[in-house]
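Protein chains in written order, with the working numbering: chain P, 24 to 111; chain Y, 161 to 648; chain Z, 23 to 507.
A couple of the hints might just be wrong.
Claimed, not checked - Just a few of them, taken from the derived set where beta-carbon distance is under 8 Å, the chain Y residues facing chain Z:
id	residue
1	L258
2	G260
3	Y265
4	T271
5	L309
6	S370
7	D399
8	A479
9	A486
10	T526
Keep in mind that the hints were calculated from the coordinates and are not lab data.
Note that CB positions come from ideal geometry on N, CA and C, so glycine has one too.
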Amino acid sequence: MARLARLSLTDDELHQYTSQLAGVLEHAADIEALDIEGVPPTAHPFPLVNVLRDDVVAASLDRAEVLGQAPDVDQDRFRIPRILGEAP
Amino acid sequence: MSAEARTTPATALAADVRAGRRSAVEVLEEHLARIATTEGDVHAFNLVTEAHARAQAAAVDGAVSEGRDPGPLAGVPVALKDLICTRGVPTTCSSRILEGWTPPYDATVVTRLAAAGAVFVGKTNMDEFAMGSSTEHSAFGPTRNPHDLSRVPGGSSGGSAAAVAAGYAPVSLGSDTGGSIRQPAALCGVVGAKPTYGLVSRYGLVAFASSLDQIGPFTTTVADAALVLDVIGGHDPRDSTSLPDTAREKAASRLGRGVEGLRVGVISELAGAQGIATDVAARVRHAADALAGAGAKVEEVSVTSVVYGLSAYYMIAPAEASSNLARYDGVRYGLRVPGEDITDMYIATRSAGFGPEVKRRIMLGTYALSAGYYDAYYGKAQKVRTLIIQDFEEAYRSYDVLLSPTSPTTAFELGAKTSDPLTMYLNDVCTIPSNLAGHPAVSVPFGTGDDGLPVGVQVLAPALGEPVMFQVAEVLEAAVAGAPGGAK
Amino acid sequence: MSQSTYVTGADGALWEIVIGLEVHCELRTETKLFCGCRNAFGEEPNTNVCPVCLGLPGSLPVLNRQAVEYAIRIGTALHCQVQRSIFHRKNYFYPDMPKDFQISQYDIPLNADGWLELPSAKRVGIVRAHMEEDTGKTTHLGGGGRIHGAAHSLVDYNRAGVPLVEIVSAPDLRGAEEARDYVDELRAILVATGASDGKMEEGSLRVDCNVSVRRQGDTELGTRCEIKNLNSLRSLGRAIAYESARQVEVIEAGGKVAQQTRGWDEADGRTHSMRSKEEAYDYRYFPEPDLVTLDPGEEWVQNVRSSLAVMPAERRRRVAEAAGAPVSSEPVATVVRLDLDGLVVAAVAAQVDAALALRRLANEVAGQLAETGPTDMGPDAFVRLVKMEQDGELTSAQARTVLKVLVSEGGDPKAIASGLGFEAMAAGALSGVVDDVVAANPKEWERYAGGDDKLTGFFIGKIKAATGGNADLRAATELLRQRRG
Chain P
24 MARLARLSLT DDELHQYTSQ LAGVLEHAAD IEALDIEGVP PTAHPFPLVN VLRDDVVAAS
84 LDRAEVLGQA PDVDQDRFRI PRILGEAP
Chain Y
161 MSAEARTTPA TALAADVRAG RRSAVEVLEE HLARIATTEG DVHAFNLVTE AHARAQAAAV
221 DGAVSEGRDP GPLAGVPVAL KDLICTRGVP TTCSSRILEG WTPPYDATVV TRLAAAGAVF
281 VGKTNMDEFA MGSSTEHSAF GPTRNPHDLS RVPGGSSGGS AAAVAAGYAP VSLGSDTGGS
341 IRQPAALCGV VGAKPTYGLV SRYGLVAFAS SLDQIGPFTT TVADAALVLD VIGGHDPRDS
401 TSLPDTAREK AASRLGRGVE GLRVGVISEL AGAQGIATDV AARVRHAADA LAGAGAKVEE
461 VSVTSVVYGL SAYYMIAPAE ASSNLARYDG VRYGLRVPGE DITDMYIATR SAGFGPEVKR
521 RIMLGTYALS AGYYDAYYGK AQKVRTLIIQ DFEEAYRSYD VLLSPTSPTT AFELGAKTSD
581 PLTMYLNDVC TIPSNLAGHP AVSVPFGTGD DGLPVGVQVL APALGEPVMF QVAEVLEAAV
641 AGAPGGAK
Chain Z
23 MSQSTYVTGA DGALWEIVIG LEVHCELRTE TKLFCGCRNA FGEEPNTNVC PVCLGLPGSL
83 PVLNRQAVEY AIRIGTALHC QVQRSIFHRK NYFYPDMPKD FQISQYDIPL NADGWLELPS
143 AKRVGIVRAH MEEDTGKTTH LGGGGRIHGA AHSLVDYNRA GVPLVEIVSA PDLRGAEEAR
203 DYVDELRAIL VATGASDGKM EEGSLRVDCN VSVRRQGDTE LGTRCEIKNL NSLRSLGRAI
263 AYESARQVEV IEAGGKVAQQ TRGWDEADGR THSMRSKEEA YDYRYFPEPD LVTLDPGEEW
323 VQNVRSSLAV MPAERRRRVA EAAGAPVSSE PVATVVRLDL DGLVVAAVAA QVDAALALRR
383 LANEVAGQLA ETGPTDMGPD AFVRLVKMEQ DGELTSAQAR TVLKVLVSEG GDPKAIASGL
443 GFEAMAAGAL SGVVDDVVAA NPKEWERYAG GDDKLTGFFI GKIKAATGGN ADLRAATELL
503 RQRRG
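For reference, chain P alone in the conformation it holds in the complex (with noise of 0.2 Å):
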């Protein structure tokens, strides 16, 4: 689960959040008691349908201000530590 999150945990933490975690989640089982069969999941607190933009050209940024703001730049690229494997 951490290296899907891409975090690494000392053993200590590790154990920490292993046992916090888990009263969370113990806590959580008061959910399991609800009958909530039939029930609609709401993802948005308001049925808004449709919000959509007028495909109209905006400024886009200054590209020093961007590059700027990166830990690594070369040649107007972010420059980044070689990568193992193909995108999925």
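Following the hints, put chains Y and Z in place on chain P, whose structure we already have.
Frame of chain P; chains Y and Z shown alone:
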């Protein structure tokens, strides 16, 4: 330090500045002086933007002298929670991982406040990425409660609450995902409002849990909160979840009308529930009595599913957060800790850049979303959300507003709850249901508890019910002010 | 049944190659899917970027209406159900993705359950055609520009957030040739909808290919491998050939094909496994909370349907009907592919011989265009030329010559013909040539006149030679016959 250091309300300040009775620069200097005196103890700010504020104040004065109206918040000092993007001013979310990042754009609320004549005094401390209820989970050290420096200000918007309580600014903005405005407002004895989801644009608000986050004001008065909400609220085409402006009444539209004939329901599941301190519960009863005394019809009402809110919240919020916080990977901005390859770099950067509470929630959220658990956790929590909305709707058929405690207790000691996350999470039990439903709620200071520290009472309203919510809150405010010893 | 539909195993057994394709199509919008940055190819790196497409903290996506319009057009052209849909987040860490998640449609795609008709008249199922955002572009430095062995990489986010529609076919395709036909047909459809420029070489269309094999006659599908990095139709064909042979080899050696993603390496002509083994992907899909439901609704879909251009399959049907040719025939496919079917339709309208028009277009014109590129020849001129040939004003050889000039230079067929001196070869002149040929070959004529039809060819050959190929041979044959009595 006492709460006497409070500043003049924004409505009064702005009226003076607009009329030329006081200069914005003078107002600003008065607040900067207060910051200089006690901020060393309180640590409400991550950054005080004096030079920037002085330039803004001078511009406001310039407008007044040229006969132009600088707007409804003319010369009002405003502090911004440090997860609201400000062009050219660092925005850290109180996290090491965003150290050194300066947004190239302003949040919509910042643009709107500036256009209304507000003056930005600084960026306030918070729990890292808004995850916490005490502002102890900040990478830059905790904020302390101006009422008692040994106590927490609440969180996650603790810095914003403390800034208003300490008189550093009459207005600050916070964000509220599960109570992060209302709970610190209660603990610091100020007004704190979470608007209807979609009323205030989230564009430029660094996301914690997108379907729950809302920006809202901290103020010293109910009228100020309504005023600020009317400035920052309204449709924004940059936020797809922003509500259309049609059929929206101004938040301040029902102020001064009293509560005669209004129906108020006290949520029985929250008012006297296990974990709610008896002094807090007593203040809620007093508030109910005060409203009844002012002519409202007050009854207990059951909203059964709210008790499941906490569990649902701790599935939904971390899940969305685990995704929202993925982008902090050391590639484009912020912290990078070098690594052999990209994955090493990601892990090194994120492990060093995030604090323990953020890691805990990312882990929890990653788990809640992972294959095999989605239906059991995230999926189920989304259904609980539906139940809560249905139960609230049912209650609002009979009541105009609902009443509950804001926080189960008054401000607790620093360190008291940091070792047990679940205890900390229980702070949000009364505030979370409004976030899950997307409804507005406001915490109004209503006297003090047995320890002499502020207690907040929460007024909940249906979607876009801000006008009636403030109408009721204002009566509570008046009841406290009017009652001799009302502070007790 | 094409030979490339099967792989022949070591024991001579036939293995069927089963293909499903996933085609990513970049939409031709002015701006990106969720922000106002320009959607443009080949610009200076990191110039078309903003807080939204860079995934800066606090930024939020807002959906581009035109992208939805194009996606609906694609769905409609592919006979899909166009339905209410929600966007999901697909979570995984990768540096070309600024938010480390991709906004995509997941369990309810905008377009589902359609089909596409190949020129062969075979229908291929379309499982879904959903909207999603493109990623940035990564360049690998060191290690010969390949990801493996590179020292480090550089990222350009100009492409990040460009709107895509991913079109997923059912595993209905058999073999490399049919897979290529499918991509060709799909490309033609996408271009016809206006949604795509169809430029594979610029990455506007990108093809991933699912390949499996099964013994001839089996009905169960085999385990599939997904092949990526296919940059051309040629790579697609080669990759399918390689991969299907590899899978047969694995199975025949007693092994099992592992379901995996494999990359095509153009240089060594092989597919290779792309993932490090430890990495299991769990995309943790969940509804994108920053976007709301997309519900195109009846009216929008109806408007799109009624304004959509005629798709290639329908054009083929019309041409086939007009010319009395089978819809799956090569000439029909050719004229539609080359956009010449309007000329056949014009011939029908002018009541000239549509079959002849089709033949001339599919053979001479298509051949010429393959060498020279597009033509300015208008339908009027073409129809008049066909009519001249049909009426015997020009011999077929003459007509072909005139057509060639018409295609390359345009103009009036009559003027071209007279410029070439073809008018002189009228009936009288031809009659004279026939007389001469008969006189010069008395022995042969005797036999022909005696009823030996085999000599027709001999005389026609002579007449052809005498006229430099400009004789109307049907008329010449008729003259010979008349002369015989």
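Right, here's what the structure says about each hint:
1. At about 7 Å, the closest approach between the beta carbon of L258 (chain Y) and any beta carbon in chain Z falls short of 8 Å, and the interface hint on this residue holds.
2. Interface restraint check: G260 (chain Y) against chain Z, minimum CB-CB distance 13 Å, threshold 8 Å, status violated.
3. The criterion of a C-beta within 8 Å of any C-beta in chain Z is met by Y265 (chain Y), whose closest approach is roughly 5 Å, and the hint holds.
4. The closest approach between the C-beta of T271 (chain Y) and any C-beta of chain Z is roughly 13 Å, which is over the 8 Å cut-off, so the hint fails.
5. Taken as an interface hint, L309 (chain Y) does not check out: its beta carbon lies about 31 Å from the nearest beta carbon of chain Z, beyond 8 Å.
6. Hint on S370 (chain Y) holds. Least Cβ distance to chain Z is approximately 4 Å, under the 8 Å limit.
7. Interface restraint check: D399 (chain Y) against chain Z, minimum CB-CB distance 5 Å, threshold 8 Å, status holds.
8. Hint status for A479 (chain Y) relative to chain Z: holds, with the closest Cβ pair at about 6 Å, below 8 Å.
9. At its closest, the beta carbon of A486 (chain Y) sits 4 Å from a beta carbon of chain Z; the interface hint therefore holds under the 8 Å criterion.
10. About 7 Å separates the beta-carbon of T526 (chain Y) from the nearest beta-carbon of chain Z, less than 8 Å, and the hint is met.
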